[in-house]
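Chemist: The residues making up each chain are set out below.
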Amino acid sequence: MTFRKRISLLIAEFHECTLMAVDAVVNHKLRSSLTLIGIMVGVFSIILVETAMYALEDFVGKNLVGLGANTAQIKKWPTFNFASPSSWEKYARRTDLDYKQFQKLQQRATLAKGISIDKCFTSATEVFSRYDFTNPDVSLYGITPQTFSARNIILEQGREITETDIRNRTHVCILGKDLASKLFPFSNALGEKVRCRSISYTVVGTLEKKGSLFDTGADNRIYIPLTTGMGYFGQRHNFDFLVESFSQDQMDETIYQVRGILRTLRGISPVEEDDFEIETNQSLIEQLQNLTLTIRIGIIIISSIALITAGIGIMNIMLVSVTERTREIGVRRAIGARKRQIMIQFIMEAVLLCQFGGIAGVILGIAGANLAMLFLSIPAAIPLNWVLIGLISCSLIGIIFGSYPALKAANLDPIQSLRHE
Amino acid sequence: MKLHQEISQSFFISLDAIYANKMRAVLTTLGIIIGVVTVSLMNMAIDGVSNSFIRSISVLGSDTLYIEKNGWLDFQLEWWKRRGRRDITLRQSRKFMELMGNQFLISPYVSHQICTVEYNSEKISGVFMEGAIAESAVINNFEFSQGRFYDNNEVEGERPVCILGNDTVEALFKHESPIGKRVKINGINYEVIGTLKERGTFMGFSMDNVIYLPITRMLNDFARHPNVGISVQIKDLTQVDELTEEIRGAMRRVRQIPPGEPDDFAINKQEVLLNTFNRVSGVIASVGLFITALSLFVGGIGVMNIMFVSVSERTKEIGLRKAIGARRRTILLQFLSESILICLIGGCIGILIACSLSPIVNHYIPASISIKTILFALVIAAFVGVISGYIPAWKAASMNPVDALRKE
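Chains as they are written, first to last, in the working numbering: chain L, 249 to 669; chain Z, 84 to 491.
Only chain L is shown next, with the shape it has when bound in the complex (with noise of 0.2 Å):
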């Protein structure tokens, strides 16, 4: 026999084996259902819950940061810091990442789109308008020119803070949509005057509403130039650097680029380490992964008992389909099935009711978590490495818990079963 003829004989005999287990599934429309009811629920369990945490985790580390699908962020103090005291130490020893620093960047880093900052001066102000005034609850930011689009910020109405801002530190300033909308609720604000710590800021612009679950302040702050803020505020703060680059591929090229002048300006000799951190939201939520791993795994094991379950009872189903079908499978053998044969049906069998059970669970799942974020208003998501995993472990869980049966079956001696009532 050739090696091609081999082969097709493979795919025949494979693709047989399969009509014949449709066959039988559909045969057997209650049982198979039931069955697949079974996987349906175990692959739902695990589907529901990494959905959700995958939605949240996405969903918190995009919005504790707000940064930009481009944009990194350069900062003296990591985000996510639960070690030591020791090595809180080691933070707090290094130098403040300064304003001269901030200039030199940005003459030097050439391949980053812009580089910003936005320095939160207070959090607890309160404003004045000729209308209004607010709660002591406002906060002030200090920002650049490219702030706003490394922070996805989106203006409604009127124009940024701009270069000759920074230069002449003018007293103008940009209002979140909350803050807007409480200081002048019947007109333009765009023109009008705020009092802010008895200094007076002419609006130039105003903010789209960005509001969220976690960051329920992001509406009520007040944008002022950098530099006129450090002139009330004090010119010696620790900034965190905003870098952003023209497309993401070129991210790692301008975060290398501006990590070597740094590392120039603040004087780190080659075999230290930096004394910064860098930051992206890739890297954040895999922080926040790793954080939540231990949770992870825990839940994944409990989710996954479900499927257990369903898979023992696949194993008891097949076993009472291959005494059921002794007789049959006695004649196949008498009229020259071979043993692999046998076991490849009743394998498939099993592989396909799970199948089925599994492609209903992952809808299922990922539709259930994701009614349960709609509740939370946080953005959907299709965990796709889930999906996939999902499936391949219910075909094992079918492979594992069929094989026995099929063994069972392939072992069966045709005498016998053919003599089998």
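Do not take every clue at face value.
To be verified - In silico EDC-like cross-links for lysine to aspartate or glutamate, where the CA-CA straight-line distance does not exceed 16 Å:
hint	chain 1	residue 1	chain 2	residue 2
1	Z	164	L	374
2	L	656	L	525
3	L	367	L	488
4	L	441	L	374
5	L	324	L	522
6	L	338	L	520
7	Z	490	L	522
8	L	323	L	523
9	Z	164	L	385
Claimed, not checked - Anything over 10 Å on all C-beta distances counts as not near chain L; from chain Z, calculated:
hint	residue
10	96
11	111
12	147
13	281
14	299
15	305
16	309
17	336
18	341
19	346
20	347
21	412
What the hints assert, rightly or not - Covered by chain L, per the in silico footprint, the following chain Z stretches (three or more residues, Cβ under 8 Å):
hint	segment
22	117 to 129
23	382 to 393
Simulated from the structure, these hints should not be mistaken for laboratory data. A virtual CB, placed ideally from N, CA and C, is assigned to each residue, including glycine.
The hints should help you fit chain Z onto chain L, whose structure is shown.
Modeler: Just chain Z now, with coordinates in the frame of chain L:
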């Protein structure tokens, strides 16, 4: 035939049926066992965590109110309204005690100042210092291993005496009795007059790592501008609300709040903590139970599936039984008792396994076995048996005997 006879007969028939298909019965039971084990382990963990929390906050006492500047777990959005509150002073607390008279046991307290304690060459740091008056020994249910609490003469006289918690005693006095010895608290000499028995932990903090001083002396030596709290023990728990109002009125007088102004203090109860905990833990518990109950559900479906198989295999037998006069009820009971039996056996084995696993779980999170959990698991298992057995049993019971007998 009488009902109880039918039940006992169907019980034996189902035992026979289970025995006849051992492999099948074992696998079906296994599904139920896994479900029951996960559900009852989850239940035990939930019970254990909430028990340990309740035990730890019971130190506060359900009959004691704590008047403090700020409320516990008071996450008001308008935090700036609470920002300017004045501290409660010792003088205010004295005035309050005068107003209330001898109605309740009242003690002002100043707490949670971390200090270092030295005795000869031994030295420990991170000890919590608390100042109070003699009444607080009764309010807090202190039990003494040696010595006594300070009395109010010592409080008035600002005597340098102290009472040590168990951990402090063990760390400082290894081979001698601490009573009458002088220890240095942050460099100032105090005489030890009593030691407390071990008290356990409160919300993660050890309550044995403490040292009690007369409040007057403590204010003199360590806390010039204290924020005093006032604990009030109420004897009559049925009148908590009225008494709370009375206390609030007295406190408003002491703090000189004009009518119409909101309180600038808070009256805290153990309940506040309990309620918040129950809310949070309720959500977590229901999610956990839902996820684990899914596996029990899958097990139940397995039982139902096998019962259908069993019914269709024994169609002839059913026909025969009906032909010779078995009633619908009899057939129904026969199959129902089989599925319930399988589920109950699974439930019992599941509980045994869960109980033997609980020490391992206890290693990571507090888990406790209770009769409630065991009964709950058994009831759930029986319930699953009824639910998943009923449809197949009904199918069997409503068969037409003629058709059933004719079936190949």
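Chemist: None of the hints should be skipped; say for each whether it holds.
Modeler: The hints, checked one at a time:
The suggested pairing of residue 164 of chain Z with residue 374 of chain L holds, with an alpha-carbon distance near 13 Å, which does not exceed 16 Å. For the hint pairing residue 656 of chain L with residue 525 of chain L, the CA-to-CA distance comes to about 61 Å; that exceeds 16 Å, so the pair is violated. Annotation: proposed proximity of residue 367 of chain L to residue 488 of chain L holds, straight-line Cα distance about 7 Å (limit 16 Å). Only pairs whose Cα atoms come within 16 Å are accepted, and residue 441 of chain L paired with residue 374 of chain L is accepted, the gap being roughly 14 Å.
At most 16 Å may separate the alpha-carbon atoms for a hinted pair to count; residue 324 of chain L and residue 522 of chain L meet this at roughly 10 Å. Annotation: proposed proximity of residue 338 of chain L to residue 520 of chain L holds, straight-line Cα distance about 13 Å (limit 16 Å). Taking the CA atoms of residue 490 of chain Z and residue 522 of chain L, the gap is about 82 Å. The hint is violated against a cut of 16 Å. Taken as a hint, the residue 323 of chain L and residue 523 of chain L pair is honoured in the structure, with Cα atoms around 9 Å apart against an allowance of 16 Å.
For the suggested pair residue 164 of chain Z and residue 385 of chain L, the alpha carbons sit about 11 Å apart, so the restraint of at most 16 Å is met. The Cβ of residue 96 of chain Z lies farther than 10 Å from every Cβ of chain L, with a closest approach of about 20 Å, so its non-interface assignment holds. Its closest Cβ contact with chain L, about 6 Å, brings residue 111 of chain Z to no more than 10 Å, contrary to its assignment away from the interface. Here residue 147 of chain Z stays apart from chain L, with its beta-carbon at least about 34 Å from theirs, past the 10 Å limit.
With 10 Å as the threshold on Cβ separation, the claim that residue 281 of chain Z sits away from chain L holds: the shortest Cβ distance comes to roughly 29 Å. The beta carbon of residue 299 of chain Z is kept farther than 10 Å from every beta carbon of chain L, the shortest such distance being approximately 35 Å. Annotated as non-interface, residue 305 of chain Z keeps its C-beta farther than 10 Å from every C-beta of chain L; the closest such distance is 24 Å. Distance check for residue 309 of chain Z against chain L: the nearest CB is about 26 Å away, which clears 10 Å, and the non-interface claim stands.
For residue 336 of chain Z, the non-interface assignment is confirmed: its Cβ lies about 30 Å from the closest Cβ of chain L, beyond the 10 Å cut-off. Every CB of chain L lies more than 10 Å from the CB of residue 341 of chain Z, the least distance being 23 Å, so the non-interface label holds. Non-interface call for residue 346 of chain Z relative to chain L: holds, since the shortest CB-CB distance, roughly 20 Å, exceeds 10 Å. For residue 347 of chain Z, the non-interface assignment is confirmed: its Cβ lies about 17 Å from the closest Cβ of chain L, beyond the 10 Å cut-off.
Its beta-carbon lying about 24 Å from the closest one in chain L, residue 412 of chain Z satisfies the requirement of being farther than 10 Å from that chain. Residue count for the segment 117 to 129 of chain Z with a Cβ under 8 Å from a Cβ of chain L: 4. That meets the three needed, and the coverage hint holds. Counting residues of the segment 382 to 393 of chain Z whose beta carbon lies closer than 8 Å to any beta carbon of chain L gives 8, which reaches the threshold of three, so the coverage claim holds.
When each numbered hint is compared with the structure, violations occur for hints 2, 7, 11.
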